[in-house]
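J.: Now for the letters of each chain:
Number of protein chains: 2
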Amino acid sequence: MASRQASPSPSASMSGSLLQFDRFQSLVDVGFWHRLSVLKLDTLGIDQSPVPLVGFFAPHSRAHVSNHLNLLSESLPDPVKNASPLETHLGNRNKCPVPGILYNTNTLEGFKELDRDNLLQIEANKILADIQSGRVEEDSTLLLRFLVISFADLKTWSFRYLFAFPALVVDPPATLLSLQPATQILSAEEAESLSAACNEWRSSSLTAGIPFFIVSINSDSRATLRPLKDWEFCQGDQNKLLFGFYDPCHLKTNPGWPLRNFLTFICLRWKLQKIRFLCYRERLGLANLDVSLIGDALISIPKDFGEPQYIPKAVGWERNGNKLAFRHICLAESMDPQRLAVSAADLNLKLMRWRAVPSLNLDVLKTAKCLLLGVGTLGCQVARTLLGWGVRKLTLVDSGRVSMSNPVRQSLYTFDDCLNGGQLKAIAAARNLKAIFPAMETEGIVMAIPMPGHPIPAQETASVLEDCKHLQTLITSHDVVFLLTDTRESRWLPTLFCSSENKILINAALGFDSYLVMRHGAGPDVSSPNTNHECRDDGTEVALMNKLSLKDGDTRRRLGCYFCSDVVAPIDSTSNRTLDQQCTVTRPGLAPIAASLAVELMANILNHPDGIYASGEIANSITSNSSQPLGILPHQIRGTISLFSQMTLLGYSSSSCTACSDTVLSEFKERGMDFVLQAINHPTYLEDLTGLTELKKSAGEFELDWDDETDDDADVQ
Amino acid sequence: MASRQASPSPSASMSGSLLQFDRFQSLVDVGFWHRLSVLKLDTLGIDQSPVPLVGFFAPHSRAHVSNHLNLLSESLPDPVKNASPLETHLGNRNKCPVPGILYNTNTLEGFKELDRDNLLQIEANKILADIQSGRVEEDSTLLLRFLVISFADLKTWSFRYLFAFPALVVDPPATLLSLQPATQILSAEEAESLSAACNEWRSSSLTAGIPFFIVSINSDSRATLRPLKDWEFCQGDQNKLLFGFYDPCHLKTNPGWPLRNFLTFICLRWKLQKIRFLCYRERLGLANLDVSLIGDALISIPKDFGEPQYIPKAVGWERNGNKLAFRHICLAESMDPQRLAVSAADLNLKLMRWRAVPSLNLDVLKTAKCLLLGVGTLGCQVARTLLGWGVRKLTLVDSGRVSMSNPVRQSLYTFDDCLNGGQLKAIAAARNLKAIFPAMETEGIVMAIPMPGHPIPAQETASVLEDCKHLQTLITSHDVVFLLTDTRESRWLPTLFCSSENKILINAALGFDSYLVMRHGAGPDVSSPNTNHECRDDGTEVALMNKLSLKDGDTRRRLGCYFCSDVVAPIDSTSNRTLDQQCTVTRPGLAPIAASLAVELMANILNHPDGIYASGEIANSITSNSSQPLGILPHQIRGTISLFSQMTLLGYSSSSCTACSDTVLSEFKERGMDFVLQAINHPTYLEDLTGLTELKKSAGEFELDWDDETDDDADVQ
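Heads up: the sequence lines are chains F and S, in that order. Following the UniProt record's numbering, the numbering of the first sequence begins with 1 at its first residue and continues without gaps. Following the UniProt record's numbering, the numbering of the second sequence begins with 1 at its first residue and continues without gaps.
If we strip away everything but chain F, and leave its shape as in the complex, we get:
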């Protein structure tokens, strides 16, 4: 700032010239902006109220350079321990804490339109108030209050900001009578004693951070440092008094900025008009009275000080070069792109909470472990929508390979995944999700889901049993299960396992132009008799049941599962399907809609206090529950594109359900995998158990071989 000094004549320091203060300068560590970003994302949101800061400075100690006021990451409130930053930083002699305040706006326009004069005046008035109230005597750092305005653009990681070091403008201004190195003013003894006292002051954790002090030197040349609050004790004695402050400035010709408010304080509070001050400076961490300055200043009590509404003007916006313009720093390059991606992705979600759903629980989504059974048209889109919701832990199960017809409808695959026979879907999907968002924790598991009514050859029993156990382990270790396969019977085993563990299961199924998205109810508590609250439903009765249940508001009954409204057990529906049934033919828009609804339904469940036990709500019904942050939590959503319409349905569990009824679950709890294998191998077993209509026999896999057939063909006749 030398360039900004009205270059003083050699004699200036000897006569009553205007007292010039070297401006304070700011220095902001990158860590501060990182911490601010986190604070903004995790805590502040769009709240624009001012944030308390702690700046740090120290007496000048290195030649040719003034110390700055530094902002570090710890300058911001610690989100964890709510201790005021000020307290947490006492005692570090090189980090003298100074109170500040930050106005961070949400938009650039807001930043530009801040009333800077007013903000500066507000801080100045605080200083004045602290002076008049005497608070400064208790905490002298209040004289150094500073102010920062900023706009943190978290999308581009660029930050615009401007500092102010508010100073009260007293009229008439102070004049400087003399300014010389301390060693030229003090005797050797005094200097030695003062050095010792200062070093002691600076080395004690109680005083090291206190930037303003009183030096009294008695007739024995003994110097003592006292805090400002000891002023009254100093008045009586005849000792020489110096008003000392940590001077960040390196200039021999000028005192630093902190002296400005200090003089004002002394004049207004203690009514002194001739003041001898000590610009305390150091070398190598020790007091150095050769570079420290002692000066005499004249300052008179402002004419209008007596008036009730005395408000001195304020100055102090930091200059950028020789003009007033905000500073700009962009951290995008400096940051690890993967961390950037994570922060950026979180931002949208947090903005959603701030703006629309303050009570939204994002952590429950972020930490939810989701299991996707099937990574086809539905599975890919479910995974993508989960990604959008901030879900990070995905396990993808599929036994198929990416075929040439997949990429145009299955949004996690590209043409390359189809080459050379096609990648395994589960593996490719897990890999491609990481390519979209590296922070994803994905695992692909290549496994076919065992199906009832699909008898297995003896030699395969062991491996199928393995699959069953593996599937059960997976379901146990996840929080939410998405059922996204393209056959009915492949939904049976997951439904059984989930209802036996009360695991949230969300089911999506597609027709040609209609879709069903539903959550399964909790399983029956086998030990309790309450399960008798169930009632037999079939598909057609469901709608009626709903109305009834809504009337009497009965919510004790379990919600149904995919099989509850069936009158047949899951059968082998894959054999003899024609081509188009095999590649489930649907209107292309259907899967994204159903998948999105499935994930939104999950979001509602996880944000609902009752979770899986929450009763089913119906749009516009009296139970329609606007108290939930994300709206109603239905049981079933059915829609058709042919009418562009959609409705919510409610259906209860059936006591003859082949997947979630008490009967079936008790049997499973008793016999475990034996029961499962029996259901798989004996198409009639589930029927026998639950009394449903007969299952279709499975055609199974049959390899064409006509050797055993009589062949009427003859070579010879």
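Keep in mind the hints are simulated off the structure, nothing from the lab.
Rough simulated footprint, nothing fancy, chain F against chain S, three-plus residues with beta-carbon under 8 Å:
| hint | stretch |
| --- | --- |
| 1 | 339-347 |
| 2 | 378-389 |
| 3 | 392-406 |
| 4 | 591-600 |
| 5 | 641-654 |
Keep in mind the model is a prediction, meaning the values are calculated, not measured. The C-beta atom is built at its ideal place from N, Cα and C for all residues, glycine as well.
Given the structure of chain F, go ahead and fit chain S onto it with the hints provided.
T.: Showing chain S alone in chain F's frame:
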């Protein structure tokens, strides 16, 4: 097949041994399967009715190898010219056409479960009928009818198939008295004359393809070849008669398979029981009587022939090795993967048509040129759903770059697209679409859409004008425009252009948990006065208007556009948006739903006879139009996830609309881009023109610079 011959004793050919026929063998060219795939995809669909075939064979001509019956691509019906394959292949001496029939099933199970015995019998019965009716005398190739059963798995490009060459089993079987090279039976003169006659027969396009014939040799040793229908002329004279046939077999010891039904024909139709036959064979394209055989066979009329329901048994399934098992060929590797991808992608769509919507017009979608304005959350999903519908021509317009927060919600981008400042969205999206499906014809155009109420500095006018013209050119050259930007006013100019050209425009907009998808109506015909049918609407009245319009069924009024229900003209909504408004905060499931609905809406429009002029339908309303293949064609679809509900709305054009009203369009038609620039630069212009409430002033872009501001700060006081 030598291994399958009961090795005859040296003396066998001299005595009455059982007559053995060398089996016919099949050879299928890869081209046949390709043609079959195309036929299946483009023409047959899931129709399983039998397909007529033409097989080709020729007399044996190369040593040590029998000729096969070949299936070539032209063996299948030509989709273009409906000529019967048989006729189209007469006259090629080396491609003697043989009629066949193909049973191609839709599933492997169906293939395995075909009643082969029955199918074989059916073909044999046809042969018998043709023999008895005399048709064989007109067309002797009918004796060689063959049969193919197959399953073409178009997903894996693998084909399973089995041939049958049906032969009637007559009882008692024929016996062979002698079999010797023709040259050993005939005199030199006879042989020479026969060779000449055969070469002539084989060289005439009229007879070259006729595999059965009568040879008569008169006393002058002159040989003549006659078609079977000349039989009566041959009976009278005393000439030697030989019954000749093109013999594909190379064995000296046995005649080929064609003789089998030929003998049966001669016996049943002409009642001969001692038959001298000629196995006609060639070398180097000429008759060769050294390898041709002449034999004598005894065959007697079956005992039960006289019975009314005489049905001889049939044999003839081709052996694979020494057992009867289907053949399997997989072409996946042999095909260009990109062509595979195209066929595979088309398959789903064609299956959709076959199975669900026979009247669905896929070509109108395949050839539709779609313009996507905005490639963000909505744009990416719209592009993907268009991909699913088989749309191939996409132009993507966006001025932005892929930011770190995009990939988790914008399904065309990955993490890599965010690095180094981010790829341009339009370019990245166009590239990544090709990576998903190489056949896509995509173009990315980096352009910002000029917006009304955003005044532009003089020096930028030229470039903005360029953008306006470019946008207009783009809209003119496309069939459907999707409006997927995230600001209101960026929708104005495209709306204006589209309504001035009656271009289909589909608009999607998102709130936090609600969405709007709508199609704009046709523009006003400025020349005609009918536009006065418009009525002033505001948003609230729209619903009411609908009901009214539904009552009186008035469909002459134009459907509204995005701005018709506005009471303010598009304004600068970007300035001063807070962070969250800037990144349009929506529930992650919202965009896929709205985007899918937008594309499904387009599919309905393009499949509707009235296209853009189609009146708006409402779900469950009386006009609800199930006559359209894809269901109703609404004007607006609004939904909210908070209630998981969705509804269709209808709104008419407003005469004070700032984008599509007669007033505005007339002005635009008159003044063109001057009008547009005025609207852009003068926020009040559109209001002046249409009489809407005042537009907000634009804050425009302002660069912070405080030099011009008075700065109270002072260094000196």
